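Colleague: Here are the chains, one letter per residue:
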Amino acid sequence: MSCIDDNIPLPTVFRLPRCHMSFKNYEPGDFYDELFSEKGVPRSAAALLIERIESLSIDSLVRRQQAAQNTLFKLGVTFNVYDDNRGSERVFPFDVVPRVVCGKEWQTLEKGLQQRITALNYFLDDIYNDQKIIEDGIVPREAIESASGYLPDCKGLKPPNGVWCHITGTDLVRDRQGTWYVLEDNLRCPSGVSYVLENRWVMKSSFPTLFEALDIKAVDDYPSRLLDTLMQLAPDISNPTVVLLTPGTYNSAYFEHSFLAQQMGIPLVEGRDLVVDGGYVKMRTTRGLKQVDVIYRRIDDDFIDPTVFRSDSTLGVPGMMAVYRDGKVAIANAPGTGVADDKLIYAYVPEMIGYYLGEEQIIPNVPTYFCEDKKQQAHVLANLDSLVVKATDASGGYGMLIGSQSTKEEQDEFAQRIKNNPRGYIAQPTLCLSRVPTLIEESFEGCHVDLRPFTLFSGQTPYVNPGGLTRVALRRGSLVVNSSQGGGSKDTWVVNT
Amino acid sequence: MLSRVADAIYWLNRYIERAENVARFVEVNLNLLMDSPVGTAEQWNPLIEVTGDRVLFQKLYGGEATAENVLNFLTFDTRSPNSILSCVRAARENARSVRETISSEMWEQVNAFYLQVEDASEIKTRKDFHGFYSDVKVASHHFAGVTNATQSRNESWHFGQLGQLLERADKTTRILDVKYFVLLPSVDAVGSPIDDLQWIALLKSASAYEMYRKVEHTISPAGVANFLILNPYFPRSIKFCLNRAEYSLNHIANTEQHDNRLASKRSLGRLRAELEYLTLDEIFQQGLHEFLDDMQSKFNEVGNHISKDFMALPLPYVQPETDSASQSQDQSQGQSQSQSQNQSQGQSSTDSSQPTPELQEVV
Numbered sequence: 001m002s003c004i005d006d007n008i009p010l011p012t013v014f015r016l017p018r019c020h021m022s023f024k025n026y027e028p029g030d031f032y033d034e035l036f037s038e039k040g041v042p043r044s045a046a047a048l049l050i051e052r053i054e055s056l057s058i059d060s061l062v063r064r065q066q067a068a069q070n071t072l073f074k075l076g077v078t079f080n081v082y083d084d085n086r087g088s089e090r091v092f093p094f095d096v097v098p099r100v101v102c103g104k105e106w107q108t109l110e111k112g113l114q115q116r117i118t119a120l121n122y123f124l125d126d127i128y129n130d131q132k133i134i135e136d137g138i139v140p141r142e143a144i145e146s147a148s149g150y151l152p153d154c155k156g157l158k159p160p161n162g163v164w165c166h167i168t169g170t171d172l173v174r175d176r177q178g179t180w181y182v183l184e185d186n187l188r189c190p191s192g193v194s195y196v197l198e199n200r201w202v203m204k205s206s207f208p209t210l211f212e213a214l215d216i217k218a219v220d221d222y223p224s225r226l227l228d229t230l231m232q233l234a235p236d237i238s239n240p241t242v243v244l245l246t247p248g249t250y251n252s253a254y255f256e257h258s259f260l261a262q263q264m265g266i267p268l269v270e271g272r273d274l275v276v277d278g279g280y281v282k283m284r285t286t287r288g289l290k291q292v293d294v295i296y297r298r299i300d301d302d303f304i305d306p307t308v309f310r311s312d313s314t315l316g317v318p319g320m321m322a323v324y325r326d327g328k329v330a331i332a333n334a335p336g337t338g339v340a341d342d343k344l345i346y347a348y349v350p351e352m353i354g355y356y357l358g359e360e361q362i363i364p365n366v367p368t369y370f371c372e373d374k375k376q377q378a379h380v381l382a383n384l385d386s387l388v389v390k391a392t393d394a395s396g397g398y399g400m401l402i403g404s405q406s407t408k409e410e411q412d413e414f415a416q417r418i419k420n421n422p423r424g425y426i427a428q429p430t431l432c433l434s435r436v437p438t439l440i441e442e443s444f445e446g447c448h449v450d451l452r453p454f455t456l457f458s459g460q461t462p463y464v465n466p467g468g469l470t471r472v473a474l475r476r477g478s479l480v481v482n483s484s485q486g487g488g489s490k491d492t493w494v495v496n497t
Numbered sequence: 001m002l003s004r005v006a007d008a009i010y011w012l013n014r015y016i017e018r019a020e021n022v023a024r025f026v027e028v029n030l031n032l033l034m035d036s037p038v039g040t041a042e043q044w045n046p047l048i049e050v051t052g053d054r055v056l057f058q059k060l061y062g063g064e065a066t067a068e069n070v071l072n073f074l075t076f077d078t079r080s081p082n083s084i085l086s087c088v089r090a091a092r093e094n095a096r097s098v099r100e101t102i103s104s105e106m107w108e109q110v111n112a113f114y115l116q117v118e119d120a121s122e123i124k125t126r127k128d129f130h131g132f133y134s135d136v137k138v139a140s141h142h143f144a145g146v147t148n149a150t151q152s153r154n155e156s157w158h159f160g161q162l163g164q165l166l167e168r169a170d171k172t173t174r175i176l177d178v179k180y181f182v183l184l185p186s187v188d189a190v191g192s193p194i195d196d197l198q199w200i201a202l203l204k205s206a207s208a209y210e211m212y213r214k215v216e217h218t219i220s221p222a223g224v225a226n227f228l229i230l231n232p233y234f235p236r237s238i239k240f241c242l243n244r245a246e247y248s249l250n251h252i253a254n255t256e257q258h259d260n261r262l263a264s265k266r267s268l269g270r271l272r273a274e275l276e277y278l279t280l281d282e283i284f285q286q287g288l289h290e291f292l293d294d295m296q297s298k299f300n301e302v303g304n305h306i307s308k309d310f311m312a313l314p315l316p317y318v319q320p321e322t323d324s325a326s327q328s329q330d331q332s333q334g335q336s337q338s339q340s341q342n343q344s345q346g347q348s349s350t351d352s353s354q355p356t357p358e359l360q361e362v363v
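Keeping their order, the protein sequence lines are chains A and B.
The opening residue of the first sequence carries number 1 in this note's numbering; numbering runs sequentially from there.
The opening residue of the second sequence carries number 1 in this note's numbering; numbering runs sequentially from there.
Derived from the structure by calculation, the hints contain no laboratory data.
For clarity, every value in this text was computed on a predicted model and none was experimentally measured.
Among the hints, erroneous ones may be present.
[To be verified] To give a feel for the contact side, a few chain B residues facing chain A, derived at Cβ under 8 angstroms: (1) L2; (2) A6; (3) R99; (4) E100; (5) R261; (6) T279; (7) L280; (8) H305; (9) K308; (10) F310.
[What the hints assert, rightly or not] In silico negatives: residues of chain B with every beta carbon more than 10 angstroms from chain A: (11) Q43; (12) N250; (13) N254; (14) N260.
[As the list claims (entries may be wrong)] What follows is a set of in silico ranges between Cβ atoms, one per label pair, in the way DEER data are often shown: (15) A:E413 with B:G63: 55 to 61 angstroms; (16) A:K155 with B:T150: 48 to 54 angstroms; (17) A:Y280 with B:E274: 41 to 47 angstroms; (18) B:N154 with A:D30: 34 to 40 angstroms; (19) B:N154 with A:E413: 55 to 61 angstroms; (20) A:D277 with B:T125: 40 to 46 angstroms; (21) A:I237 with B:L115: 42 to 48 angstroms; (22) B:Q285 with A:D277: 40 to 46 angstroms; (23) B:N154 with A:S55: 44 to 50 angstroms; (24) A:E410 with B:T150: 53 to 59 angstroms; (25) B:L115 with A:D312: 34 to 40 angstroms; (26) A:F211 with B:R79: 47 to 53 angstroms; (27) B:T150 with A:R475: 36 to 42 angstroms.
Even for Gly, the Cβ is constructed at its ideal location relative to N, Cα and C.
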């Protein structure tokens, strides 16, 4: 990877006037801006960054941006596009202006995430075993058992150390006032952490002096910590064989699977590489079958074992659940964790935190209306044009209605869907997402962002990787961070001031 | 190591080597043409014969072996599994499936190679083709160099070596065969100055001319055959390739040298020994072309045994779609990269929390 040096001149013919980048005209607007407290006034954690960027010429910054993008392309940091004949991969667009989170604020977020993951883990262990939270009337049985990620086959399971959700990616957003909210939990197999690591690597080579001058929290030890977390799942084996189970090269997150396996030095396996033999899961090697002790699975719960869950799955391993029940193989995250990804279950997290930990929620949920409740449903139906309606079992932006951007027909359609299946929908007020200056065609524009930090949990205090994946809606005025619609990512700096 | 990974690494190296050698065939012919007297009819048919893809070529182009058709068929036609573009693409797909095993540098080089060939596929004029083939050779050498400079000499490296060496041995027989086919129509030309030039062009295509001169001095058919088949030191000679392939296979099998339970060891050992004691006279008695033909089928046999011994272990239960997956990158010319085609089920349904969901919030 090349390090960009300001002192290397462009060939004369290409030299642009050394016009410096300036935030003088940057308009934070009526939004919470992550880098500016008001027009022309950077937040203290971002001051040095802004100063540094303003000392650069436009061409230099654009070059850094391009070099970063080229590096990512060369590294093959790509996601897959299915309907494209030529290459099936594209680079997730990367913006060179980082998002800065001040260290003190991060401490609160870290505590909030630790609290949330700990409570969710208690919840999972409880509902698949003693079901106290149901008996005590905190979360209704129907809400749990009707959740699409709830797997009755996991009842009575006791995963090693009582840990169900070893790896979590939590989606956070900020509203106009700058208040943080948890938008979504991802406990099944969250992805995106490879971008966190690669983005940081690229930024370090683009702004080496800034990294020296600022106290930016390091993210690079994530793979080591992940491997530790996984190895702790086989406490009785001195040198356990840990593998990463991927659906294969066609999966959109394949790069990440490959990257993490490489960084941890563990085999990347597909379902067809694994077999159940003599009560153990084994992998097919050039020297015969070899026992596997821990599986970091990146396939959904439903696909893990066709003899127990979806029988049409060819991605999993027949018989694996029986071995898992028998305690002869560990799986992370544990099958059954998907229940917590349900949007209705999400709404009960504040109660879980109170019930299991006796604490107040540190990072609030976005207020959520249950369409199952008649009164709340009436409110939702009356305000479809201003609310956001989400299908409780969907993710990735599917099955939802953004009221303020929808047509009357769409609203009518959703009203019907809600009436037909009230359990299937929740509604939330429309939040006005915070923004970060972003380089668009040689000038800065405010673009909306969210944040997905990654948390590792092996029984004691959860480890939260400082920062996370900042996704940004790159198109002018756009609110969609989806990469297929011009969404991209930024490095996230947790800066101690 | 995983059988699937061994298979992918073996094929990654075979495909890179194959792309390089297709470039070499084409170059030998382009060189021959340059030395032919003006007015001589251009011969493009021999190239099709040599690659063994006559049937496919006829199907796609109706058998008309014009320069344009043949160059396109061998270079950028993705309908042919052995065109340079197809090979590099397959190499990259294999590399992509084992990125966690190979070094980042190796991946970057395969990726760069692929992008380079993909970009070049716009080439239309003969003049540009010339430069392209030497670029392909360089890119392949670059890959070999990066591999040797960055990969541990572990099992994976030896599988790569096996793939590269068996492919190279096969292709050296085919490069020698080009001359046989070119000569066929005009036996009179044997021993003429043109003949001499043609042998030189052939040697150059195998990057063998200079090394040849140091050993054999004068150009003769016997000398060239001797050098490219039996020289133990030249890295593209068949004997050299088989010696090294056997060395790698012994490492992989990790058995005593005389433990011959594995069919792959037996077949490769037998072939290597045969070449060890073979004389040039015996080769010419059999007929050079017939000898080369025979070699090619024996290489295929070795490749099949390797696949059976290490990559296609019996399964305790049968999963129909995986059963054939890793065995099916079979050796013969005209086979296609089939390894990962059948996994596409996993596309949309899994890893639901991909890094790309939308934000629903609005202003």
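Colleague: Against this structure, judge whether each hint is valid.
Modeller: Each hint tested on the structure:
Because the beta carbon of L2 (chain B) sits about 5 angstroms from the nearest beta carbon in chain A, less than 8 angstroms, this interface hint is met. Because the smallest distance between the Cβ of A6 (chain B) and any Cβ of chain A comes to about 5 angstroms, under 8 angstroms, the interface hint for this residue holds. Look at R99 (chain B): its Cβ gets to within about 4 angstroms of chain A, closer than 8 angstroms, so that hint holds up. With a least beta-carbon distance of about 4 angstroms to chain A, the hint placing E100 (chain B) at the interface is held under the 8 angstroms criterion.
For R261 (chain B), the suggested interface contact is broken, since its CB lies about 13 angstroms from the closest CB of chain A, more than 8 angstroms. Checking T279 (chain B) against chain A by beta carbon gives a least distance of about 37 angstroms; that is not within 8 angstroms, so the hint is violated. At about 38 angstroms, the closest approach between the beta carbon of L280 (chain B) and any beta carbon in chain A exceeds 8 angstroms, and the interface hint on this residue is violated. Among the interface hints, the one on H305 (chain B) is violated; its C-beta lies about 14 angstroms from the nearest C-beta in chain A, farther than the 8 angstroms criterion.
The beta carbon of K308 (chain B) is not positioned within 8 angstroms of any beta carbon in chain A (closest approach about 12 angstroms), and the interface hint is therefore violated. A cut of 8 angstroms between beta carbons decides the hint on F310 (chain B): the least distance to chain A is about 4 angstroms, and the hint holds. In this structure Q43 (chain B) is separated from chain A by more than 10 angstroms, as the shortest Cβ-Cβ distance comes to about 34 angstroms. Listed as outside the interface, N250 (chain B) is consistent with that label: its C-beta sits roughly 14 angstroms from the nearest C-beta of chain A, beyond the 10 angstroms cut-off.
Once the 10 angstroms rule is applied to beta carbons, N254 (chain B) is inconsistent with being away from chain A; the minimum gap is 8 angstroms. Chain A leaves N260 (chain B) outside its interface by the beta-carbon criterion, the shortest separation being 17 angstroms against a cut-off of 10 angstroms. At about 59 angstroms, the beta-carbon gap between E413 (chain A) and G63 (chain B) stays in the expected band of 55 to 61 angstroms. About 49 angstroms separates the C-beta atoms of K155 (chain A) and T150 (chain B), a value consistent with the hinted range of 48 to 54 angstroms.
Range check, Y280 (chain A) to E274 (chain B): about 44 angstroms between beta-carbon atoms, so the 41 to 47 angstroms window is met. Range check, N154 (chain B) to D30 (chain A): about 59 angstroms between beta-carbon atoms, so the 34 to 40 angstroms window is missed. Separation of N154 (chain B) from E413 (chain A) is about 58 angstroms and conforms to the stated range, judged on CB atoms against 55 to 61 angstroms. Roughly 59 angstroms separates the CB atoms of D277 (chain A) and T125 (chain B), a value that falls outside the hinted 40 to 46 angstroms.
Under the hint 42 to 48 angstroms, the C-beta atoms of I237 (chain A) and L115 (chain B), about 43 angstroms apart, fit the expected range. At roughly 53 angstroms, the beta carbons of Q285 (chain B) and D277 (chain A) sit outside the given window of 40 to 46 angstroms. Distance hint for N154 (chain B) and S55 (chain A): a CB-CB separation of about 48 angstroms, consistent with the stated range 44 to 50 angstroms. For the hinted restraint 53 to 59 angstroms between E410 (chain A) and T150 (chain B), the CB-CB distance of approximately 54 angstroms keeps it satisfied.
Taken as a hint, the range 34 to 40 angstroms holds for the pair L115 (chain B) and D312 (chain A), whose Cβ atoms sit roughly 37 angstroms apart. At roughly 50 angstroms, the beta-carbon separation of F211 (chain A) and R79 (chain B) lies within the given 47 to 53 angstroms, and the hint holds. Judged by the Cβ atoms, the range 36 to 42 angstroms given for T150 (chain B) and R475 (chain A) holds: they are separated by roughly 40 angstroms.
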